[in-house]
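Trainee: As they're listed, the protein sequences go chains A and B.
Residue 1 is where the first sequence starts when you use this note's numbering, and the numbers rise one by one after that.
Residue 1 is where the second sequence starts when you use this note's numbering, and the numbers rise one by one after that.
Simulated from the structure, these hints should not be mistaken for laboratory data.
Positions of the beta carbon are idealized from the N, C-alpha and C atoms, including for glycine.
If a hint is listed, it holds; no wrong ones were tucked in.
FRET-style restraints, in silico, Cβ to Cβ: (1) B:Asp56 x A:Asp91: 51 to 57 Å; (2) A:Pro116 x B:Leu93: 55 to 61 Å; (3) B:Ser172 x A:Gly198: 49 to 55 Å; (4) A:Asp96 x B:Leu44: 39 to 45 Å; (5) B:Asp66 x A:Gly198: 30 to 36 Å.
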Amino acid sequence: MSPLRNGPHDLGGVAGFGPIDPTPDAAPYPEGWEGRCIGAIIATMARGLYNVDQFRARIEELPPAAQFSMGYYRRWLHTLERNLTLAGVLDEAAIDARAQQLAAPGEAGAAASPPPEAEPALAELLETVETLLCDGGPLLRAAPAPPRFAVGARVRTRRIAIERRGEQHTRLPGYAQERAGVVAIVHPPMLLPDANVGGEERVEHLYAVRFAADELWPDGAPGATVCADLFESYLVPEEG
Amino acid sequence: MAGAADDMALRMRAIESLLIERGLISEAAVDRIASAYEHDIGPLRGARVVARAWSDPQFKRRLLADGAAAMAELGVGGFVAEHVVVVENTPTLHNMVTCTLCSCYPWGVLGLPPAWYKSPEYRSRSVREPRAVLAEFGVELPPEVEVRVWDSSAEVRYLVLPMRPAGSEGMSEEQLAGLVTRDAMIGTGLPAAPAPAPASDRAGA
Chain A
1 MSPLRNGPHD LGGVAGFGPI DPTPDAAPYP EGWEGRCIGA IIATMARGLY NVDQFRARIE
61 ELPPAAQFSM GYYRRWLHTL ERNLTLAGVL DEAAIDARAQ QLAAPGEAGA AASPPPEAEP
121 ALAELLETVE TLLCDGGPLL RAAPAPPRFA VGARVRTRRI AIERRGEQHT RLPGYAQERA
181 GVVAIVHPPM LLPDANVGGE ERVEHLYAVR FAADELWPDG APGATVCADL FESYLVPEEG
Chain B
1 MAGAADDMAL RMRAIESLLI ERGLISEAAV DRIASAYEHD IGPLRGARVV ARAWSDPQFK
61 RRLLADGAAA MAELGVGGFV AEHVVVVENT PTLHNMVTCT LCSCYPWGVL GLPPAWYKSP
121 EYRSRSVREP RAVLAEFGVE LPPEVEVRVW DSSAEVRYLV LPMRPAGSEG MSEEQLAGLV
181 TRDAMIGTGL PAAPAPAPAS DRAGA
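With the hints as extra help, turn the sequences into a complete structure.
Mentor: Here you go:
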């Protein structure tokens, strides 16, 4: 196991996993509720209750056994519930009570309705959702300064240790830490996830950095390469 | 925590109904999103993009220069495909896309990610032993081909432009789109081979 892993989500290169099961999915939403979960997450993020890095961080906080046993959309349900709780709009007790209510005989068909004063905001939400699906979200940001590195620059990645999973967050994969690579693409600047997880909007340049597989792992195949998208503060110039 | 499907469904309904009652979301918004990914947004979008790139060299140039802008010409893109880099397979380079930290995937181009893409097996092994992974998908590449794995570790999304299969000369864009599999656009597969022409056509050629 790599000593650089930042948690059970940081899976790149971890040994011990078996064959991949490429069986096609039976249905988009095999258990029926997954579509509601996707919808509720996109809608609550569109309402600004939390952001994508907070969404990810509260999946990463799950203990290892849960990471592997829960499955993708169960982890999504977890992060939805956690983020809504942290945003102060729901709590576990309220959810438990409502679930009990809904499970009671004769209650299955009871539909919730929004308060009348929420109608303008909900009409706006529907428009926002439409725009998101068609045009996407506001991903690209104005550059704070010219990029520090150009295509072809030799760079070295830093060590970014996550001590408090769920609160801290980075998108520098463990396997790509303290490794030498070459800038392959200078992407448009975007928000730094490490700051965004705490609600701080810091814009940084972003680069696709190419690593030789044998720089990453002792058993890396010669000639094979891995590219990861890394923010400017993850990188220092490689000497020599 | 690994609860049964019924418990998850109930919990989801509880959360949704509370959010609706508190005026934070509407059933209509959730319906719209759930339905879009169930019915409208899927790999056919990406297949249309690839088929156009195979048919139109100018479009291909634009696609490789700015994926999202070129795909927008075909009405493809949107949420989680705001900035797409299209990487081209050649006789000496094979590209493959993964996300080791979670399961980032170009939703706006390919729809929902398949289960295997989200599995710890794929996420861990794709970067370290891509050729072994490709073999499990039935893809064997000549040893001299460089395998390049793109780990989607930020908000950039990647789409593989596979090589146009031999024998597809003269096919229409729509027919070409039928050869483009989802896995070919992730890089774990190759496009389907065109069906051989019927005997009558061959006789006339």
